[in-house]
Amino acid sequence: AQTVTQSQPEMSVQEAETVTLSCTYDTSESDYYLFWYKQPPSRQMILVIRQEAYKQQNATENRFSVNFQKAAKSFSLKISDSQLGDAAMYFCAYKFQGAQKLVFGQGTRLTINP
Amino acid sequence: GAGVSQTPSNKVTEKGKYVELRCDPISGHTALYWYRQSLGQGPEFLIYFQGTGAADDSGLPNDRFFAVRPEGSVSTLKIQRTERGDSAVYLCASSLRGGGTYNEQFFGPGTRLTVL
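Chains as they are written, first to last, in the working numbering: chain E, 1 to 114; chain L, 1 to 116.
Just to be clear, a hint being listed does not mean it is correct.
Said to hold, decoys possible - Cβ-to-Cβ under 10 Å is the rule here; a few derived chain L residues that face chain E: (1) K15; (2) Y18; (3) E20; (4) L21; (5) T52; (6) A55; (7) S87; (8) L91; (9) F106; (10) P109.
Said to hold, decoys possible - Facing chain L, from chain E, some residues (calculated, C-beta under 10 Å): (11) P9; (12) N58; (13) A59; (14) R63; (15) F64; (16) A72; (17) K95; (18) K101; (19) F104.
Derived by calculation from the structure, the hints in this document are not laboratory data.
Bear in mind the structure is a predicted one, so any value in this text is a computation, not a measurement.
Virtual Cβ for every residue (Gly too), placed ideally from N, Cα, C.
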């Protein structure tokens with residue numbers, strides 16, 4: 001079974017600084033997708049960034065970028081120039097290409113200090 | 001356009017009661033998903049609909065849980081004989097299609113269920 005592990009229950013960063021959230025996963029599949037979702041107090045999950053496993057190039061979306069290490073099964077999220085609005089729970093998620101369900105990690109609570 | 005909506009936003013019930021949670025997906029989305037998020041945890045998959053049929057219900061924890069989507073749009077998650085352990089946020093998501101290719105899942109705000 002696929003599993004996703006986020007080893008950092010909480011992280012904090014100063015506004016305008018850079019922070020990296022860690023995620024590891026376990027799968028025997030070769031074709032899959034990885035995601036980072038943001039969940040603010042409103043509870044609505046918002047997709048931040050996604051990575052296709054077959055792509056070697058790391059995905060980037062504005063201030064958000066990932067470090068995808070397929071062999072190590074590691075998928076970290078880097079947030080540059082942190083803003084107060086970035087404060088939320090962040091979830092790493094996995095989806096096998098042949099399946100529909102997302103498998104989520106336990107989440108990391110990110111606090112931004114002004 | 002409107003996003004995924006879920007009603008009620010919060011539901012408090014007593015142990016042993018029956019509850020229904022409703023999800024309105026984004027118009028035109030054929031795939032619909034239910035997840036359960038317990039306190040301090042990530043969401044866990046419950047069931048996936050493609051159109052009117054439940055294509056994958058492997059995440060339903062037991063036969064007290066049942067979901068329907070009779071017209072391929074609105075879905076209702078039904079929980080019989082609720083237990084305190086059913087307390088969680090129930091999230092619904094929809095995507096344009098299902099299938100093996102990537103289709104972004106758009107989430108609703110969830111229903112917080114509290115079983116006393």
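For the hint on F104 of chain E, does the least C-beta distance to chain L fall short of 10 Å?
3 Å, holds
Would the hint on A59 of chain E be counted as holding, given a Cβ-Cβ threshold of 10 Å to chain L?
Status violated, d = 12 Å.
Restraint check, 10 Å cut-off on beta carbons, for T52 of chain L near chain E:
Violated - the Cβ of T52 of chain L stays beyond 10 Å from chain E, reaching only about 16 Å at its closest.
Let's test the interface hint: is any C-beta of chain E closer than 10 Å to that of Y18 of chain L?
It is violated, given that the least Cβ distance between Y18 of chain L and chain E is near 24 Å, above 10 Å.
Proposed interface contact between K15 of chain L and chain E, which counts if any beta carbon pair is under 10 Å
24 Å, violated
Going by Cβ atoms only, is A55 of chain L closer than 10 Å to chain E?
7 Å, holds
Hey, does the S87 of chain L contact hint survive, CB to chain E under 10 Å?
This interface hint is violated because 15 Å lies over the 10 Å limit.
Would the hint on K95 of chain E be counted as holding, given a Cβ-Cβ threshold of 10 Å to chain L?
8 Å, holds
Min Cβ distance, N58 of chain E to chain L: is it shorter than 10 Å?
Violated, because the Cβ-Cβ distance from N58 of chain E to chain L comes to roughly 17 Å (cut-off 10 Å).
Interface hint status, K101 of chain E versus chain L (Cβ within 10 Å):
4 Å, holds
Using 10 Å as the Cβ threshold, decide whether F64 of chain E counts as touching chain L.
16 Å, violated
For the hint on L91 of chain L, just tell me whether its beta-carbon gets within less than 10 Å of chain E.
7 Å, holds
The structure does not agree with the numbered hints 1, 2, 3, 4, 5, 7, 12, 13, 14, 15, 16 stated previously, though it agrees with the rest.
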